[in-house]
Structures are given as C-alpha cells and as structure tokens.
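The listed protein sequences correspond, in order, to chains A and B. Sequential numbering of the first sequence, starting at 1, is according to the numbering used here. Sequential numbering of the second sequence, starting at 1, is according to the numbering used here.
FYI, nobody ran anything at the bench for these hints, they're computed from the structure. One should not assume that every hint holds.
As the list claims (entries may be wrong) - Footprint (simulated), chain B over chain A, 3 or more residues, beta carbon under 8 Å:
id	region
1	53 to 63
2	90 to 103
Stated by the list, open to error - Here are a few chain A residues that sit away from chain B, every Cβ distance over 10 Å (derived from the structure):
id	residue
3	20
4	168
5	178
6	183
7	193
Said to hold, decoys possible - Mimicking DSS-like on lysine-lysine, the simulated pairs with C-alpha atoms at most 30 Å apart in a straight line are:
id	chain 1	residue 1	chain 2	residue 2
8	A	37	B	106
9	A	63	B	85
10	A	51	A	37
11	A	118	A	181
12	A	170	A	144
13	B	106	A	63
14	A	154	B	203
15	A	181	B	60
16	A	55	B	106
17	A	118	A	141
18	A	170	A	181
19	A	141	A	154
20	B	85	B	75
21	A	51	B	203
22	A	5	B	203
23	A	119	A	141
24	B	106	B	75
25	A	5	B	85
26	B	203	A	170
27	A	51	B	69
28	A	63	B	75
C-beta atoms are modelled at their ideal positions from N, C-alpha and C, and glycine is treated no differently.
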Amino acid sequence: MFCEKAIEIIRELHRMGDGQLPAFNEDGIRQVLEEMKALYEQNQSDVNEAKSEGKSELIPTIKFRHCCLLRNQRCIAAYLYDRLLRIRALRWEYGSVLPTNIRFHMCAEELEWFNQYKKSLATFMRSLGGEEGLDITQDMKPPKSLYIEVRCLKDHGEFEIDDGTIILLKKNSQHFLPRWKCEQLIRQGVLEHIMS
Amino acid sequence: METQSYLPVPPGVGMEENFFSLDDILLSHERLPSRTECTFPRLGFLEKSSDSRDIQEGTKMEMPLFLAKGLYERKRRVVSVELPKVYKEGWRTVFNADPTVVDLHKMGPYYYGLGSQMLHFDSPENPEIAQAVLQTFIGRFRRTMDSSQNAYNEDTSALVERLDYLERALFRAGQSGLNSFQNWERGRASTITASSLVLNYRKRKITDLQP
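Bound conformation, chain B alone (with noise of 0.2 Å):
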C-alpha cells in the first residue's frame, strides 16, 4: 500500500465534531434557515434587510450552524433552527422509497454530516431523522462499495458524482485497496515508487512557472 504521511484530522462521528478537523469546521459553516427568538442589540449591521441597530426578535435569518449550535439553548428561546428541505418528511420518504436515486452531492454536499448536527436541536422529528440518515447510508453503501471495488484504470467521476463526501471517503478508500491488491497481484507490490506527494509538488513547481 502506498504508505500515507500525510494523516489529516477525520471528521467526527455521530453528534461529534473533531475540534481540528477541517471537515467538520467546513460541514459546520453551512447555513440553516433559523429565526431569532429574542432581540439581539447592536448586531444590527449584520442583517442587510433591515436598518435596525438592532436584530430584532422574530427575524429570519441564515446563520451557520456553528452559530445556531452555540447560541442554541434547550429551556430558553434564543434561537430557533429550521429543517434544510432534505431532512424533513417530504424528502425523507422519497429516501424511503429508493435512496440510491438522489444526488447526495447536490443536496449536500455533506448530508450525513449535517443530518447527524441537526440532532442538537430538539426537534421532535429527531428519531425520524435519525433513522432517515441511517436507512439512507445503508442503502446506498453497496452501491458505493461495488463500484470502487470494480472500477480499475478508470475515469471515475461519473461514479462520484452524486456521491456526498462522507461516501466518497469510502470511495477514495475502496479505490485505493483495490489497487494496491493489483499492484500485488501483478508483483509489484515490493517495487519502491516515487512519493506522490514530491510528484505532486513537482507537478506543481512547473504550473507556478507558467505565466
């Protein structure tokens, strides 16, 4: 196997997120529909609708989830977080009816993610949701699993395409066993092979010249 140096920090799983992942600080940036149940002073400039100095009750907003899941409190109403359209009933039986269908990447791009971080909520549709994330992950892992198993020397990304990126960690992972096994196979598992990280920074190197 071509011996990884470079060992990123993976995102979470379930409900939690990795402090220094750079997935998770990218999944948490997305934004949710959510009005504000309370009057925030002085934060007025931030909301370009209004002219208020203030932020006032009851505006609706698009807040990042990190800001949503920070100021988010269970007894008091601080702020209220909207359902993204693909969680909620109408989309969650089209998932119930064939999960393989949907493009994961456009609805996304990361639904399993966003599904689990929208569990901090409260909703009372989190047991549906929850097993909506769930039953959806189970129904397309094969797929997903067959493919990067099957596709050798190929242009993968029509296969990928619809993929979220939870799903094509996987992909990425199936691919790259499947051709260290042909590497072996063939004999060449014990060829040493330039890193393809130098090669990369040399690929590199010689775009930077270019004008």
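Isolated chain A, as found in the complex (with noise of 0.2 Å):
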C-alpha cells in the first residue's frame, strides 16, 4: 500500500510526545517525494490516457492515486511542522544557544529557522518594557525574593556577577546569588534551587 514510509516518519514523531527533537530523517523524506513524484506521473499519464481515449474507467484508479498524494503531501507538511514546534520549543528551555548534539540533528534550514525566530524573540523582547526592554524568558515562576541560596549540580568553572566577583562553581559548593543570573542555569540543570 502507499504512504507508508511517510507513516513511518510520522510514528518517529509522535513516539517522542516529550517534546524532544529526533535526528531530521532525510533519507525518509526523499523516499516519500519519490513515491509522490511516481504516483504523480502515473496520473498524468494515465489523465491523458483518459481524455484522449475516452477511457473514464480509469478516473477511480486517478481518484485512488490522488489521494495518496495528498496524504503524503500531508505527512510531511505536519512532520516538517511538528519539528519547527519542538525547536521553537528549544529557545524557551535551552536559551539561544544550543548544544552541539541537538545542533546535528537539525537540518540546515531548520538551523536558518532558530536563528531567524531567535532574532524575532529579541527583537520583541527589546521592544517591550521602555528603553531596556524586558528579558521574558526569565521568571517562569513569580519571583518571591531578589537573592536566592543555590547548589551546584556539576561542576561549570567560573561565573562572573554583575559587582564583578567571580564565583567558582565547583560541584556541591552553595552560593548566594542574585535570581536573575542564576535562572538560566538552574533551567539547565547545572544549579539547584533551595528554598530554606
């Protein structure tokens, strides 16, 4: 039966319903504009049969065929869709830049996309809050305190604050830190918050 390689790119998806961001299957991609490339021409030539000879027997097999066609056409519109909503998905929980690993499996123009949708976040972000402009992926919880006490998860080398004190964050060490430096981090895994 057709449209089963573009299933199967689907299913790749879907097992992931964690938001996380598969390999881009190329491979699987090309095998799918193939199919849709011969289903094309049979149907053309078969519409020219058709009109030509009067043959209208053939219009089932022409119906039959088109809709596999859109069903491919759809398969990968929603798999190429669904991979933009996950790498959207990676600035809100990542920050602007990536790891190499998440990097290789993004295809050049989904790469070209981050970028672009990255420099449309700033361009907002500075637009907001008067001349400063305002950093909205920060304080995802409301802040309850200016400072707060953090731990060290691994370790991450040194961290310069804004008074220009370095602090080393060597993993366990505990440190009282302004909240708007360490949030990031603590998204990431490297601090952990504690509340006393």
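With the hints as a guide, bring the two chains together.
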C-alpha cells in the first residue's frame, strides 16, 4: 500500500511525546517525495489517456493515487511543522545557544529558522518595557526574592556576577546569588534552587 | 505549573480532523474492512490475494481510513466501508450495559476518534453510533477523572492501560494539575526547577553513548 514511509516518519516523531527532537530523517523525506513523484507521473499519463481515448474507467484509479499524493503531502507538512514546534521549544528551554548534539539533529533550513526565530524574539523583547527591553524568558515562576540560595550540581567553572566578583561553580558548592543570573543555569540543570 | 514550551497540534474535535495533528494522522491510518464497488484498473499489485492487473469490483480489502474517506462518495458507488466490530450493535449493547469494564486500548486505541470519523460514511446506524460513543465517554469519564486526581507519586500504568488515547490525554492533564497543586501546597510553587525537556535530552544522551 502507498504512504507507508510517510506514516513511518510520523510515528518516529509521535514516539517522542515529550517534545524532544529526533535526527532529521532526510532519507525518509526523500523516499516519500520519490513516491509522490511516481504517483504524480502515473496519474498524468492516465489522465492523458482517459482524455484522449475516453477511458473513463481509469478515473477511480486516478482518484486513488491522488488521495495517496495528498496523504503524503500532509505527512511531510505535519512532520516539518511539528519539528519546528519542537525547535521553538528549545529556544525557551535551553536558551539561545544549543548544545552541539541537538544542533546535529537539525537540517540546515531548521538551523536557519532557529536563528530567525531567536532574532524575532530578541527584537520583540527589546521593544517592551521602555529603553532596556524586557527578558520574558526569565521569571517563569513569580519571584519571591531578589537573591536565592543555589547548590551546584556539576562543575561549571567560573561565573561572574554584576559587581565583578567571580564565583567558582564547583560540584556541591552552595552560593547566595542574584536570581536573575541563576535562572537559566537552574533551568539547564547546572544549579539547584534551594528553598530554606 | 510546569510551563509547556512544546505545544503540538491537538487532535480535531468531533468529525473534523486537524491537518497538522500527528494524532489525527495516526488515527486516519487505521485500517477498515471495506469493499470496492467499482474496478480500479492497474492497481492490482496492491492486492496480494489476486494476480489480476486490476482491483476487481467487489474485492474485500482493508483500506486505511484516509483512503476510504477520500474515495467515498454519497451518490456514487466507489467504495463501501464496513463498521468495525466495536461500533456494531453487539458491542454497543455491551457499552450500554457497563462502559467502564471495557479495555478501550485493546478495542481502539482511538475508540472515540475513529467512532467520530465513521460518521462520514452515511451508515443508517449513524445516530446509534454517535449516541454509543457519547454515552461511553460519559460513563467512563468519572473514573478517569477520579483516578487522575487521586494517584499521587505512584505507578499509574495499571490505571491507564485500559484507556484509549483521548482518555489518556485527559488523565495526563489531571495528573499535571494534581502535581502542580501539591507543589503549591508544600510551598514549592516558586522554586525554579530544571526544565524537564533538558533533563530528558540529557538522559537520552547518556543512553546514546552506551554500546
């Protein structure tokens, strides 16, 4: 039956229900496009034959192939769109610099899309809140204090805070730091927020 | 609440599918017992049981829903679709008696979605099918909601295994609400937490490296 490869790439995405991005299935997409090309060419030839020789009994077959063409198109479009939704989520969860292993899972066009999205978001954030702009990727939960207690979960090296002091983030060390500097590191699992 | 950054396209409601919804695409791949009401020349290779060049009129075959929907025409006889067992009168009586005992994952797993889609084929039983699907949902909903609101910090696989995909989504939503409420009660609502997406990526990276 047609459209088997198309449903396979959809299943691949659906399996990762939490929003993780699997590697770009270039081979899968290529195979679906090839099937679409074959279906289209067969239909073109049958349409010409039906018109020139009056073979109206070919019409159900033409419709059948057309149905499968539309199906393949839908699967590819949904595959690409869902991946973009996952890539967009990466900006909000990881920040603007993605780890290399995730970047390898994106095709060139998706990387380009990510860069454009970053720019749009940055432009939007700059336009809020007067001159300085407003970082809306911060304070995802309403803050209760300016400074928070954090514990380091892994070695992260040196870290500079606003007054110039350098903190060494060594595994298991605890620090009392400004909230706005730590939030991203906590989201990334480098630091742990400790409530007293 | 753990804010969601990945917001996939949800399945459509009722008889409509959402074009970009992965769930709806998987649902419309389900195979239905069908019968061709005309000949499909030159497609005989799709049908393993015969050697003919064409698919003959009157061939019984399993057709995916998307194809049946695409080919079906009310006025012309192109293809006719048989109702899957679970929407026929026999099973409808079972659902009517007690909807909560049925394993909808085994009978589905898209019981509600597929049931809604079957209405496209103008069966004379459509009103009964629609009623059955609706009443089954109403009958089972209370249990799903109760169990999702009371299972805290425990293994829920036994509760979830007999639910279809729609009910599982509702269960997850209930659990998410429960967990957020418990966090708030314990004064942990303002703790900044690591992103679950980031943690999942890290878990996967470690398993990727294992031989």
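Verification of the hints:
Coverage of the region 53 to 63 of chain A by chain B holds in this model, with 5 residues showing a Cβ closer than 8 Å to a Cβ of that chain against a need of three. Closer than 8 Å: that is the beta-carbon criterion, and the region 90 to 103 of chain A has 7 residues meeting it against chain B, so the requirement of 3 holds. With a least beta-carbon separation of about 6 Å from chain B, residue 20/A fails to lie farther than 10 Å from that chain, contradicting its non-interface assignment. With a cut of 10 Å on Cβ distances, residue 168/A stays outside the contact zone with chain B, its closest approach being about 21 Å.
For residue 178/A, the condition that its CB be more than 10 Å from all CB atoms of chain B holds, with the nearest at approximately 13 Å. Not every C-beta of chain B lies more than 10 Å from that of residue 183/A, the closest at about 6 Å, which undercuts listing it as non-interface. Some Cβ of chain B comes within 10 Å of the Cβ of residue 193/A; the nearest lies about 5 Å off, and the non-interface call is violated. Of the pairs offered as hints, the one joining residue 37/A and residue 106/B is violated, with about 37 Å between alpha carbons and a cut-off of 30 Å exceeded.
Of the pairs offered as hints, the one joining residue 63/A and residue 85/B holds, with about 28 Å between alpha carbons and a cut-off of 30 Å not exceeded. Restraint check for residue 51/A and residue 37/A: the C-alpha separation of about 21 Å stays at or below 30 Å, so the hint holds. Restraint check for residue 118/A and residue 181/A: the C-alpha separation of about 20 Å stays at or below 30 Å, so the hint holds. Of the pairs offered as hints, the one joining residue 170/A and residue 144/A holds, with about 26 Å between alpha carbons and a cut-off of 30 Å not exceeded.
Using a Cα cut-off of 30 Å, the hinted pair residue 106/B and residue 63/A is violated, with the two alpha carbons roughly 33 Å apart. Proposed proximity of residue 154/A and residue 203/B is supported: the alpha carbons are some 15 Å apart, at most 30 Å. About 66 Å separates the Cα atoms of residue 181/A and residue 60/B, which puts this hinted pair outside 30 Å; it is violated. At most 30 Å may separate the alpha-carbon atoms for a hinted pair to count; residue 55/A and residue 106/B exceed this at roughly 45 Å.
Note on residue 118/A and residue 141/A: the hinted pairing holds, with a Cα-Cα distance of about 22 Å set against a maximum of 30 Å. Between residue 170/A and residue 181/A, the direct Cα distance comes to roughly 17 Å. Compliance with the 30 Å bound is thereby established for this hinted pair. The straight-line distance between the Cα atoms of residue 141/A and residue 154/A is roughly 24 Å, inside the 30 Å bound, and the hint therefore holds. With a CA separation close to 25 Å, the supplied pair residue 85/B and residue 75/B stays within the 30 Å bound.
Among the hinted pairs, residue 51/A with residue 203/B is inconsistent with the structure: their alpha-carbon atoms are about 59 Å apart, more than 30 Å. Proposed proximity of residue 5/A and residue 203/B is supported: the alpha carbons are some 29 Å apart, at most 30 Å. Simply put, residue 119/A and residue 141/A have alpha-carbon atoms about 24 Å apart, close enough for the 30 Å limit, and the pair holds. Between the alpha carbons of residue 106/B and residue 75/B the distance comes to roughly 35 Å, so the proposed pair goes past 30 Å and is violated.
Our distance criterion of 30 Å between C-alpha atoms is met by residue 5/A and residue 85/B, whose separation comes to about 28 Å. For the suggested pair residue 203/B and residue 170/A, the alpha carbons sit about 22 Å apart, so the restraint of at most 30 Å is met. Pair hint residue 51/A plus residue 69/B holds up; C-alpha atoms about 26 Å apart against a cutoff of 30 Å. Simply put, residue 63/A and residue 75/B have alpha-carbon atoms about 16 Å apart, close enough for the 30 Å limit, and the pair holds.
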